Structure formats: C-alpha cells, structure tokens
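Put together the whole structure using the sequences plus the hints.
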Amino acid sequence: MAKAFGIITAASNRYVVEGMQDYRPISSFSFAGRYRLVDFPISNMSNSGIERIQVYISGNPRSLVEHLGTGRHYNINSKTGKLQLLFHDSENINRLYNTDIAAFMESIEILERVREEYVIITTSNMVFRQDFYSLLDQHIKSEADISLLYHRVDNADVSYRGCNYLVLNRQKGVLSIDMNMGNKPDRNVFMETYVMKKSIFLEIIKKAAKISSMYYLARAVALAVEQYDIRGIQHKGYFAAITDLKSYYDANLSLIDQENAKSLFDMKWPIYTHTTDSCPTQYFDGASAKCSLISNGCSIEGTVENCVIGRGVHIGKGAVVKNSVVLAYSSIGKDVVVDNQVIDKWAKIIHANQLIAEPGKPGYIRRDDTL
Amino acid sequence: MSQNNMLAMILAGGRGSRLLDLTNKVAKPAVSFGGKYRIIDFPLSNCANSGIDVVGVLTQYESVVLNSYVAAGGRWGLDTKNSGVFVLPPREKADEGFNVYRGTADAISQNIDFIDSYNPDYLLILSGDHIYKMDYDAMLDYHKSQNAELTVAVRPVPWKEASRFGIMNTDENGTIVEFQEKPKEPKSNLASMGIYIFTWKTLRKVLVADMKNPDSSHDFGNDVIPEFLSTGKKMVAYKFEGYWKDVGTIDSLWEANMDLLGRRSELNMDDDSWKIFTEDTSTPPQLFGPNAVIDRAYITQGCIVDGEVHHSVLFTSAQVGEGAIVTDSVLMPGAVVETGARVTRALVADGVKIGAGAVVGSADSENITLVAKRVKGEE
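Protein chains in written order, with this note's numbering: chain A, 1 to 371; chain B, 1001 to 1379.
The set of hints was computed from the structure by calculation and includes no laboratory data. Heads up, a few of these hints could be off.
Unchecked claim - Computed Cβ-Cβ distance ranges for the label pairs, DEER-style:
| id | chain 1 | residue 1 | chain 2 | residue 2 | range |
| --- | --- | --- | --- | --- | --- |
| 1 | A | M214 | B | D1135 | 54 to 62 Å |
| 2 | B | G1051 | A | H351 | 38 to 46 Å |
| 3 | A | Q138 | B | S1273 | 49 to 57 Å |
| 4 | B | N1367 | A | E18 | 40 to 48 Å |
| 5 | B | H1310 | A | N169 | 53 to 61 Å |
| 6 | B | T1281 | A | I211 | 32 to 40 Å |
| 7 | A | Q258 | B | R1164 | 21 to 29 Å |
| 8 | A | K317 | B | S1252 | 30 to 38 Å |
| 9 | B | K1144 | A | W269 | 45 to 53 Å |
| 10 | A | D131 | B | P1158 | 54 to 62 Å |
| 11 | A | D131 | B | T1281 | 43 to 51 Å |
| 12 | B | V1065 | A | Q138 | 33 to 41 Å |
| 13 | B | S1145 | A | K317 | 40 to 48 Å |
| 14 | A | Q138 | B | H1310 | 47 to 55 Å |
As the list claims (entries may be wrong) - 25 Å max Cα-Cα, derived DMTMM-like pairs, lysine to aspartate or glutamate:
| id | chain 1 | residue 1 | chain 2 | residue 2 |
| --- | --- | --- | --- | --- |
| 15 | B | K1353 | A | D266 |
| 16 | A | K262 | B | D1280 |
| 17 | B | K1201 | B | D1116 |
| 18 | B | K1353 | A | E259 |
| 19 | A | K317 | B | D1079 |
| 20 | A | K79 | B | E1279 |
| 21 | B | K1081 | A | E66 |
| 22 | A | K207 | A | D229 |
| 23 | B | K1275 | A | D368 |
| 24 | A | K317 | B | E1308 |
| 25 | A | K236 | A | D266 |
| 26 | A | K334 | B | D1271 |
| 27 | B | K1275 | A | E301 |
| 28 | A | K322 | A | E18 |
| 29 | A | K290 | B | D1251 |
| 30 | A | K268 | B | E1279 |
| 31 | A | K79 | B | D1259 |
| 32 | A | K197 | A | E116 |
| 33 | B | K1144 | B | E1185 |
| 34 | B | K1353 | A | E116 |
| 35 | A | K322 | B | D1116 |
| 36 | A | K317 | B | D1295 |
| 37 | A | K334 | B | E1266 |
| 38 | A | K184 | A | D157 |
| 39 | A | K79 | B | D1280 |
| 40 | A | K317 | B | D1259 |
Here the structure is a predicted model, which means the values were calculated and not measured. Glycine is no exception: its CB is placed at the ideal position from the N, C-alpha and C atoms.
Below, the structure is given as structure tokens:
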C-alpha cells in the first residue's frame, strides 16, 4: 500500500478567469490543446504511485465528471486504487464561504477513514511536473511536520497576482505565507502543494473550521508556523499558475517554446487524459503552421502562427490565426484574421473579417458563439 | 452477444513477408498505419461500431506485440461484462498434440470450443490486414434477408486485375454459383474481400468433417467454399463499394497512407459516427517550430516539426529537424529526420533515425524506398 493518499483541490475562489469560468470550473479548463488542467496533478500523483486520489469539485461539475470517469485512463488500479470525486456546495450566497477547508469538512468522515499515513495536497490551477514519491521521501527524511512546495519567480510584480508566497529563513523554514500583491518581482510562489501526516492535516482543518468559516488551508497553515516545523521545498522546471484570463493565455502559449514543452512533457512521465479518438490532423495545400502546438482531429487550410489549437478545430482557407488559444471544435472561416484571442469551444468566426486584440490583453470569444 | 448474436473471428496469423523488414518483429496486422493506428484497428473498430461484442483474434506469427496489443480490448470499448477481445494462438489440447493452425479454416476449427461457449447464431470471419470501414450488422441483415448459409463480401475490381483475386460468379439474384481462385479468364469482376458471415450451425458441421479429411488444406477458399457450393448450400454475394485496401507490399502501404492526403479522403477518418479506435499514447499535441514549413500533410500527436513536410504522413512522435525536407514520404512512429536531412518517396520504419544531412529515397525511383536501419549523418 502506498504511504500517502492524494488530494486535489479546486482552484481558490480568489481567482476569476473572465468568460471561461462561466462554463466550467478552472480544474476543467482545456490546456495545451488536448488536456484539462486537472490532468496534470492527477498524472503527477498516478505516476508517483499514489493510488487513492480525491478530486474536490466546485462549480458546474458536468465537464469534469465526464472527463474523469472511472479514472482508468489515469493508470489508476481499479481494484487497489480509487479516484474519488468529492462535490461540495458551491451554491452559497457568499462565495467567500467556498473554501477548501469547508470542502474538507463536508467530507470529514471520508478523510478520517483513509488508511494512508500521509497526505499530499495539491491544486488544479497550477501546472507543473512533480514526483510526489520523492517529495514525500524528502519530507520524511527532513523530519519536518509540514513541507510546502514553492517555485522561485522573478516576475511576481506583473504575474501571480493573488497567489500565496512563502517567506523563508536560511534553513528554508517557513516564516509566513502571504498573498502576492505585486510589490516585488522576486518571490517564492507557493504551489498550494503540501505534504504532512494525515493526523496533522485533520488537526489543522478542524481547528481552522472552528475559528473562522472563511479560513483557507494556506491561512490555517500560516497560523501554525509557531506550532509546527514547516519547511519549503523548491520546485524546478516548468511552472504556470492560472489565475486570470491573461495567465491562462500566457501559460498556454508558453508551451510553444520547445524547452518549456520538453520540461513539462516527458516520455517517462506521461500526462494522461481522456482520449476522444480523434484522427490525426490534416494540412491542406496552402496551409502553414509555425511556432504552434496543434491537437489531433483538426483540418488546417490557412495560416497558424504562435497558437495553441485544440482538437477538431477548422482553420479555413486564407485565414490567418496568430498569437491565439483556440479551444476544441471551433471554426475560423475563410480569410478571417484572428490575433491575440482566446476562442472558447464550438465558436464559429465566419462573418467577422478580423478579430484583433492588443498585445498583452487577450480577447475572449464565448463558447458556442457565432461571429 | 446481446445485439446481433454474431461472434467475430479475425484471422491475424499472416506474416506479411512482402512488407520486408517491417514485419521482422511484428505480424502484419500490428503494422502501423495512418499516423496513429495499427492495421488491425480497422476490423476491430468496425466490429465495435457494428455492435459486435465478442471478437476472437487468431494469431500465429510473431504474436507478442499483436497479442498484447489486442488483449487490451478497452481501446475499442470491448471490455464490458459481456464483451471482449480474445487472443487465440494455437494451443495444446487434452486429446491431441500441439498443432499450429494448418489453414484459415483450421484456425476456426481448433477454436470450436471457444465459439460454442458463446452459442452464436452467426460467425463473422475477417482478415486482420485490410483497411476499410464496413458495417457488418448491415451485412448480417442482408445474410438474413437472403436466407443464406454464407454471405461473402465482394467488391468490383478492374477487369484487368480480376485474375489476381478470388472471383465470385453470381446469378442475377446475387447467389454465388461459382468460385474461381485467381482465374486466367475471369467471368466476373466481383472479388472476395475475405469477409464471410456463416450461419454457425452449418459451418460447424462442415468444419468438423473438414478436420478429419486428410486431403483438405483446411482453407476457406480452397476447401470450405467449394464444399458449400457442391452441397448446394445457399451462398450470396454482398457488394461493398467503399474504400478497401490490402496493404501487402511497401508500395501499397505507402500508397494507402498517401490516400489520406486527398481533399476528401475516401476513408473519412474524421467521421465521428464511425471512429477508428486505437491505443492512446499519452503524447502531447504536435509541435511546430519557427522554421516549420507544411503544405499537404497528415500529422498526429507527439510529432515535433521544425523542417519542411510536403505531401507526407507523420506517425506518433516522429520528428523532423530544422532544415530537413520530407517529401512524399511516410515517417513511422518515433522516426527521426535530423537537421538538413532529405527524405523523398520513402517509408522510414519505427524509431529509425536519418542522420543530419543524409539523403534517402529519390523522386524518380520506381519503388518506394524502405528505410529500416539507422542512416548515418555527416560527421
């Protein structure tokens, strides 16, 4: 039996991704063409040998439930392992009540029954590759009570708004966990990833629930820095946090860079997803594709440059699509020019001649819209 | 077996030796095709789409890859409580020694116990190495409507080529009156596709007798069909008009891949109502670099392209380096064309590397060049 079980939390309600989020929770966002954000934490756990994985779902669950299914495509043993979907009430009048701790408390009996000694908690709005087995190993060897994973960034003044960051002492002991307001470029962005004993986890959430209904796990852990030995562990490699439309757009396009793509996608560390059995992509005479990540099932007759294209997208003859994220099954008509857009699923851009947004402020085209 | 009470058996024992080095380690049905598929995905997906729940796959030659591939029936959705894909290699039985399959009919005869355990009304016999989309349930409807004991799928071939095939001669009602194997002077151009629907009770009797017949070659074409004809069992021809290809040689395998590049490929691979299912390789989408030049191409996930690709098919995780030019070619899974190399009218086998600056194939070659071994590049 594995020593740890896994928890994947829904993205914090601090984060609002304009447009996209009206249709699905952040966990369920399409990413890098053929994936959904939740595929990354689940694959990390599955590849690390974690067999019991709980996914907390808030918001409209339809797409996520359909996508996760029995979890078989994540390589989780259907007899000895389990992918558990835990819903929590997101119909609260005040969103502030929708905290991760509230979700845990709703499933407290399930959490108490889990037999594994350790818990690894991670989130679904951050994208990275991490071997949790070695992280647990490192945690146990360090004899710390709680280990927190962080990523060192030098652009926290312009990005990662609303993310938490760790303040560490020289020995990587955590002094505090604070929210990034963009005051300083160099920060240790907290990856909302925790390793601790299940007993400590339960103690913290029960205590926090008693103190305030609005507490988050990160806040509760921050308040316990005196009580526990809490340390930071640095993550290296590809890292992206989806906190708003711009970061969603940027994170997608960052994977056009081969070095980034290689860092996130490793043959020995597969990222699993739900396959739709779409056929390969067909490129016709007059098509052009440069600096782009393109999924299967597309038919490309026009020009694609600096784009991430989802499954089954059609780019018409003479169309020019640049610097854009096009989600599955959308269609760009003949001779249409698209620049700097996030185009949601099933949208049809056929009547508009051009859709151009200024750099740094991506536009958003709604799901199923016809323009 | 709930829907049409028809069980399918796929003959997948052939070596496909005319595919040269491609079938050194894998049987022909396991050879890659069309970017992300293997040939046997076609009959298996056709079965799944036709509402057939139980499929036996008869394997013999180099069956390790093929066996493990088809055993994962979930790929085609054939893994529910009452469905499955079963690998049936020759086996030792209590009352007789270990026998290889002596012929196509013998492969079925040796598995009568397996078929009986499902008690089907009809048995569908397929070949594991043809590329086509076909609704076997519609063929079964025809079989029933004709009160036939055997229905053979046929397709019209050009008269000039008819002497290369098994030809079915029919009367005006479509009843088969004569069967000619590779006739010098064909009387009809309806070629057998090697797809048969038998009424199982009838076939079972014929097979039991055939097993004991020392003069039989235990083959459907040579023995079983002539036996049906001579004993007056009703046989009808079922005409199929769609795309069908036997990819028996390197040239025809290349050609079938090139057929996918057409404006409207006859195979309709993007038809959502009749998907071809296959292994999911967990690879990221295809990635194009700043120097990529693409015109007509068929490319699948896992590929990385930073060179030129013209009129070519790239299979899972194939790579084309900067400045490399791939024209009229097929790159099989994991094939790598390094910087500045040129590949023309060639089929590069699985995982083979074409070194930097190397040149393989040529635009005016008569045959397609098969590259099955690493080609060294410039030092």
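**Item:** Hint check, failures only
**Value:** 4, 6, 7, 11, 19, 29, 31, 33, 34 and 35
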